[in-house]
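Sequence order for the protein chains is A and B. First residue of the first sequence? That's 1 in this note's numbering, and the numbers climb one at a time after it. First residue of the second sequence? That's 1 in this note's numbering, and the numbers climb one at a time after it.
No lab work stands behind these hints, which were simulated from the structure alone. Even glycine gets a Cβ: it sits at the ideal position worked out from N, Cα and C. Just so you know, not all the hints are guaranteed correct.
[Unchecked claim] Derived DSBU-like pairs: lysine-lysine, alpha-carbon spacing no greater than 35 Å straight-line: (1) B:K96 / A:K326; (2) B:K96 / B:K62; (3) A:K326 / B:K62.
[Unchecked claim] Distance windows between CB atoms, simulated: (4) A:E325 / B:A85: 49 to 57 Å; (5) A:C332 / B:V38: 15 to 23 Å; (6) B:E20 / A:A235: 33 to 41 Å; (7) B:V38 / A:G237: 37 to 45 Å; (8) B:S91 / A:L223: 51 to 59 Å; (9) B:A80 / A:Y3: 50 to 58 Å; (10) B:V76 / A:A235: 22 to 30 Å; (11) B:E120 / A:E199: 53 to 61 Å; (12) B:S91 / A:E325: 41 to 49 Å; (13) A:E199 / B:V76: 31 to 39 Å; (14) B:A63 / A:P351: 40 to 48 Å; (15) A:C332 / B:A85: 25 to 33 Å; (16) B:M1 / A:D304: 34 to 42 Å; (17) B:D66 / A:V435: 48 to 56 Å.
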Amino acid sequence: MAYGPHTNEDRARMLAAIGVESVDELFADIPPSLRASKLELPSPESEAELTVRLRDLASRNRVDLASFLGAGAYRHFTPAVVDQLLLRGEFYTAYTPYQPEISQGTLQTIYEYQSLMAELTGLDVVSASHYDGAAATAEAALMSCRATRRERVLVGRGVHPHYRETLRTYFGGASLVADEIPLVSEGPTAGTTDLAALERMLAGADRPVAGVVVANPSFLGLLEPMAEMGRLAHAAGALFVAVVEPVSLAVLATPGEYGADIAAGEGQSLGLPLSYGGPYLGILACREALVRGIPGRLVGMTTDIDGRRAFVMTLRAREQDIRREKASSNICTNQALCALAAAMYLGAMGPHGLRDVAALGAARAGELESALAAAGAPRMHPGPYLNEFAVRVPAAPAVHARLIERGILAGLPLARVLPDDPSLADALLVCATEVTTPDEIAAFAGALGDELVGGTGHEGADREGVGRETAR
Amino acid sequence: MVPQDLRYTKEHEWVRLEGEIATIGITDYAAEQLGDIVFVELPEIGRTVSQFATIGVIESVKAVSDLFAPVGGEVVESNAELSGAPELLNSDPFGKGWMLRIEVADAGQLDGLLDAAAYEALTAEA
Numbered sequence: 001m002a003y004g005p006h007t008n009e010d011r012a013r014m015l016a017a018i019g020v021e022s023v024d025e026l027f028a029d030i031p032p033s034l035r036a037s038k039l040e041l042p043s044p045e046s047e048a049e050l051t052v053r054l055r056d057l058a059s060r061n062r063v064d065l066a067s068f069l070g071a072g073a074y075r076h077f078t079p080a081v082v083d084q085l086l087l088r089g090e091f092y093t094a095y096t097p098y099q100p101e102i103s104q105g106t107l108q109t110i111y112e113y114q115s116l117m118a119e120l121t122g123l124d125v126v127s128a129s130h131y132d133g134a135a136a137t138a139e140a141a142l143m144s145c146r147a148t149r150r151e152r153v154l155v156g157r158g159v160h161p162h163y164r165e166t167l168r169t170y171f172g173g174a175s176l177v178a179d180e181i182p183l184v185s186e187g188p189t190a191g192t193t194d195l196a197a198l199e200r201m202l203a204g205a206d207r208p209v210a211g212v213v214v215a216n217p218s219f220l221g222l223l224e225p226m227a228e229m230g231r232l233a234h235a236a237g238a239l240f241v242a243v244v245e246p247v248s249l250a251v252l253a254t255p256g257e258y259g260a261d262i263a264a265g266e267g268q269s270l271g272l273p274l275s276y277g278g279p280y281l282g283i284l285a286c287r288e289a290l291v292r293g294i295p296g297r298l299v300g301m302t303t304d305i306d307g308r309r310a311f312v313m314t315l316r317a318r319e320q321d322i323r324r325e326k327a328s329s330n331i332c333t334n335q336a337l338c339a340l341a342a343a344m345y346l347g348a349m350g351p352h353g354l355r356d357v358a359a360l361g362a363a364r365a366g367e368l369e370s371a372l373a374a375a376g377a378p379r380m381h382p383g384p385y386l387n388e389f390a391v392r393v394p395a396a397p398a399v400h401a402r403l404i405e406r407g408i409l410a411g412l413p414l415a416r417v418l419p420d421d422p423s424l425a426d427a428l429l430v431c432a433t434e435v436t437t438p439d440e441i442a443a444f445a446g447a448l449g450d451e452l453v454g455g456t457g458h459e460g461a462d463r464e465g466v467g468r469e470t471a472r
Numbered sequence: 001m002v003p004q005d006l007r008y009t010k011e012h013e014w015v016r017l018e019g020e021i022a023t024i025g026i027t028d029y030a031a032e033q034l035g036d037i038v039f040v041e042l043p044e045i046g047r048t049v050s051q052f053a054t055i056g057v058i059e060s061v062k063a064v065s066d067l068f069a070p071v072g073g074e075v076v077e078s079n080a081e082l083s084g085a086p087e088l089l090n091s092d093p094f095g096k097g098w099m100l101r102i103e104v105a106d107a108g109q110l111d112g113l114l115d116a117a118a119y120e121a122l123t124a125e126a
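In isolation and in its complexed conformation, chain B is listed as follows:
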């Protein structure tokens, strides 16, 4: 069961909106598919990103995956702990493994994303 209060993308990112700030990460499903994560490349603070643009890279022992922005806006914070402990994405993807925070330009963009039930249906099919 994924957290019910979050929104999800088809590319397995999750979003939590608090006011105008969206916290973003990847789901446990994604982390499990990738395997042991060894490196995370996140966008620099201040960069403006558009929805679904590639904003970073997640590298595991066996593959490299692009990270897509679930919503557009300005990057205001990234999780500094991930550079020393990328394994947080595997151990706590919805909590300590949060990746970055974006000041959202258009909160309406979240309406187009999947809710928990829809995301679970997506991963059940896979």
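Next comes chain A alone, as it looks inside the complex:
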């Protein structure tokens, strides 16, 4: 197929074929006063000039910091093979290639991605992917409403605040209700979802619940009692939706194992760069019984008329072009290239490799916890975590800003994303992964210790003893 631009001869032949003198004639119905005359754009630049300009812009990014930032997007090492294969023209520039006659290769890669996610989540059906973790979570909540024909969903406050906001946006248009489940405020389970509150919210036959949506690990990094929450949800006739982090699934119990009906998550950890927020990868999986309610594209495996294995987009009758207003899916695309990167990453790492990534991250996080506690910033919550946790730091936002000047990105000041929770005003959410080094941890702890010792007013005086110890 030739992809060259039209020549003047091409245009002349097309105009002649339809009996029109010029292209302007085709726009005759638009009043001249409304036609665009020119676009206010700067004049074009050469490739060399443009490269310099973009490089200047890019240099404003801080890529020199030792980063302990997680909160939904994580630093991981991606083997070079992923980026190299991704650049192949057949993958990189193909757009929604779903016709089975000419797209068997791409359809197979999507099928492989779906299969890998099914293995990782322990569930039966996986969609071809969604925009990101927030969108997948919102879609999962909508699924629970469709499947149960109920209009109320309970969402744990341990779910990422951005995901909860996206879910509220989706629900607003559909007149559905999302009530938030509070977290336990103190004691051994502080910071995790309040089971007693969940049970109270599930009772009350006048407002039946369609789904219970909880994250594991939670936004605060804590492990949640998923099996117990699943039991409570099912006892009330609701579905259980687990929001998960894919690398953690190599070492934690999977949604399939703890009885989740639907799993949603962010696939950025699987071979996708941080890229200042995107493009990312929405993972959505469910039990077989819910297959007709799952949105998004589904690729299936079948045989052609000659009996050869073939891949094809399937269960299309769920989608909006066939079901129209009753569709379970208005998603006519996916994050194909990102899903492909995730599949390649998993293929390169293998199950043992992925387990190593998760375990090493957890080990580094343990070292981080000790170092920060010794520096005067103890963990806020007592419960178990995998590789992310909140630490108490007085005047956290100010300390965070000063640490950036010292070359440390000290995680996320929780006050920035959870301003309504006063107990988190003096908290940093920090994270370690397999790429975090002992040197980085030591630098963070050292800088933090200095800040807390020489910090504002009395906090400095209280911490002096600790500061002297770490300065040894």
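Using the hints provided, position chain B relative to the given structure of chain A.
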């Protein structure tokens, strides 16, 4: 020739009334128009439906069609075999492909439906 002892709707459902129980399905004409049927969604037992309300969905490889209640009443039985073998609607629409049974609220509603001759005339025109 469609079974002469049944009543029919313009939406290609058939009804057989025995006492107060109406057995409902779709006609061979409908099944043929839809093509290979792959999935059937039927109403839950105990649900009260009104005449001509949408009570289910029939999904074929190429289209999705609503199922309408030819008569109103309470759903008392649905054909469990259809979940594993939806193709029964294609192979035996008047027999093994029966879809559900309704306890009829008002048997008079059947009088407003088409008889076999009227239904055949309808499909002959199409």
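Hints versus structure:
no. : hint                        : in the structure
1   : B:K96 / A:K326              : holds (28 Å)
2   : B:K96 / B:K62               : holds (23 Å)
3   : A:K326 / B:K62              : holds (16 Å)
4   : A:E325 / B:A85: 49 to 57 Å  : violated (29 Å)
5   : A:C332 / B:V38: 15 to 23 Å  : holds (21 Å)
6   : B:E20 / A:A235: 33 to 41 Å  : holds (37 Å)
7   : B:V38 / A:G237: 37 to 45 Å  : violated (28 Å)
8   : B:S91 / A:L223: 51 to 59 Å  : holds (52 Å)
9   : B:A80 / A:Y3: 50 to 58 Å    : holds (54 Å)
10  : B:V76 / A:A235: 22 to 30 Å  : holds (28 Å)
11  : B:E120 / A:E199: 53 to 61 Å : holds (60 Å)
12  : B:S91 / A:E325: 41 to 49 Å  : violated (31 Å)
13  : A:E199 / B:V76: 31 to 39 Å  : holds (36 Å)
14  : B:A63 / A:P351: 40 to 48 Å  : holds (42 Å)
15  : A:C332 / B:A85: 25 to 33 Å  : holds (32 Å)
16  : B:M1 / A:D304: 34 to 42 Å   : holds (38 Å)
17  : B:D66 / A:V435: 48 to 56 Å  : holds (54 Å)
Of the numbered hints stated above, those contradicted by the structure are hints 4, 7 and 12, listed in ascending order.
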